[in-house]
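**Student:** Position chain P relative to chain Y; hints supplied.
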Amino acid sequence: MSLSIKKEYLEKERLWNVELIGEIDIYTAKQFKEMFVEIYEIKKENIRIDAKGLDYIDSTGLGVMIGALKRSREENKNITIVNAKENVNKLLEITGLSKIFKIEE
Amino acid sequence: MQNVSEQNLAKKEESHQIKLSIPNKPEYLSVVRLTASGIANRMDFNIEEIEDIKLAVAEACTNAMTHGEKENSNYNVEFTVEEKRLIIEVNDKGKGCRVENIKKPQPRELEEGGLGIFIIKSLMDKVEISSKLGKGTTIKMIKNIGG
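Protein chains in written order, with the numbering used here: chain Y, 1034 to 1138; chain P, 21 to 167.
Simulated from the structure, these hints should not be mistaken for laboratory data.
For clarity, every value in this text was computed on a predicted model and none was experimentally measured.
Keep in mind that the hints are not guaranteed to be accurate.
In silico BS3-like cross-links for lysine-lysine, where the CA-CA straight-line distance does not exceed 25 Å [what the hints assert, rightly or not]: (1) Lys1063/Y with Lys1103/Y; (2) Lys1132/Y with Lys141/P; (3) Lys1040/Y with Lys1085/Y; (4) Lys1123/Y with Lys141/P; (5) Lys1110/Y with Lys1132/Y; (6) Lys146/P with Lys160/P; (7) Lys1039/Y with Lys1103/Y; (8) Lys155/P with Lys1118/Y; (9) Lys1123/Y with Lys160/P; (10) Lys1066/Y with Lys45/P; (11) Lys146/P with Lys1123/Y; (12) Lys1110/Y with Lys1066/Y; (13) Lys45/P with Lys1063/Y; (14) Lys1123/Y with Lys1063/Y.
Computed list of chain P residues with no C-beta within reach of chain Y, every gap over 12 Å [claimed, not checked]: (15) Asn83; (16) Glu109; (17) Asn111; (18) Ile137; (19) Ser150; (20) Gly154.
Note that beta-carbon positions come from the ideal geometry of N, C-alpha and C, so glycine has one too.
Chain Y with its partners taken away, still in its complex shape:
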């Protein structure tokens, strides 16, 4: 039960590609939050979250993403979520966050 994060700045697309593998709950949310701080210290750019390996996320993880989006918008940047699994998509739908984040297949 853990979270592994692979982050990479893609020069060509001028964005951060962040791959999430595992689960985000109250235990791993801190690690998730620190990642956003860390990449923003390096470069303030758009962020693409690749969720194909994300098996589970709950409100604590969503809270971190909302915080990160708020920060991104202050810099006129955006966060896109791609490849989300069915259960993650369902959660984004019921919380209304699918209208706030850019969601791509």
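**Tutor:** Just chain P now, with coordinates in the frame of chain Y:
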């Protein structure tokens, strides 16, 4: 004949209980999640329903950890397995809160908290929250098999 039907009746009303007392520490949340999914899996819930149950239980536990008594304390999770439904109660020994103060989240305003209870209510068939100031909060939720 009568005996058989009595037995059937008794069997119908049978319910099983599983109780957990879990340390108020985030690293144990996955244990509750695994237990919930194990129990739901044994019943006739489908994969989507099992995911709903896992998430709802985790939200209730996160709530208990955040608002319950801090450090070095345990909270309780009680599963009641019935033929057609699963009842889960999560109880903390915290200071309690005013239930009427729980509001619907407004994602457009980009609030970072307050989603948990809303998620539970969206995923489960019935949710009751009772809280007594000074006596902690109990979240009781029910999921019916086949929705």
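**Student:** According to the definition I'm using, a residue is off the interface if its beta carbon is farther than 12 Å from all beta carbons of the partner; does glutamate 109/P meet that for chain Y?
**Tutor:** holds (19 Å)
**Student:** Could you let me know if the closest chain Y CB is still more than 12 Å away from the CB of isoleucine 137/P?
**Tutor:** Isoleucine 137/P not clear of chain Y: closest Cβ-Cβ about 9 Å, inside 12 Å.
**Student:** If we take the beta carbon of serine 150/P, is the closest beta carbon in chain Y still more than 12 Å away?
**Tutor:** holds (21 Å)
**Student:** Quick one, are lysine 1132/Y and lysine 141/P close enough, alpha carbons at most 25 Å?
**Tutor:** Holds, at roughly 20 Å.
**Student:** Does lysine 1066/Y sit within 25 Å of lysine 1110/Y, going by the straight-line distance between their CA atoms?
**Tutor:** Measuring from Cα to Cα gives roughly 17 Å; hence the hint holds.
**Student:** Does the structure keep lysine 1123/Y and lysine 1063/Y at a Cα separation of 25 Å or less?
**Tutor:** Status holds; Cα separation ~23 Å.
**Student:** Given the hinted pair lysine 1066/Y and lysine 45/P, is their Cα-Cα distance within 25 Å?
**Tutor:** holds (18 Å)
**Student:** Please verify whether lysine 1040/Y and lysine 1085/Y have alpha carbons no more than 25 Å apart.
**Tutor:** Judged against 25 Å, a Cα distance of about 14 Å means the pair holds.
**Student:** Given the hint that lysine 146/P pairs with lysine 160/P, does the C-alpha gap stay at or below 25 Å?
**Tutor:** Given pair lysine 146/P, lysine 160/P holds - Cα atoms ~8 Å apart, limit 25 Å.
**Student:** Below or equal to 25 Å on CA atoms is what counts here, so check lysine 1063/Y against lysine 1103/Y.
**Tutor:** Cα-Cα ~17 Å, so holds.
**Student:** Please check whether the beta-carbon of asparagine 83/P is more than 12 Å away from every beta-carbon in chain Y.
**Tutor:** The assertion about asparagine 83/P is violated, with a minimum of 9 Å to chain Y.
**Student:** Please work out if lysine 155/P and lysine 1118/Y have their alpha carbons no farther apart than 25 Å.
**Tutor:** violated (39 Å)
Consistency with the previously given hints fails for numbers 8, 15 and 18, ordered from lowest to highest.
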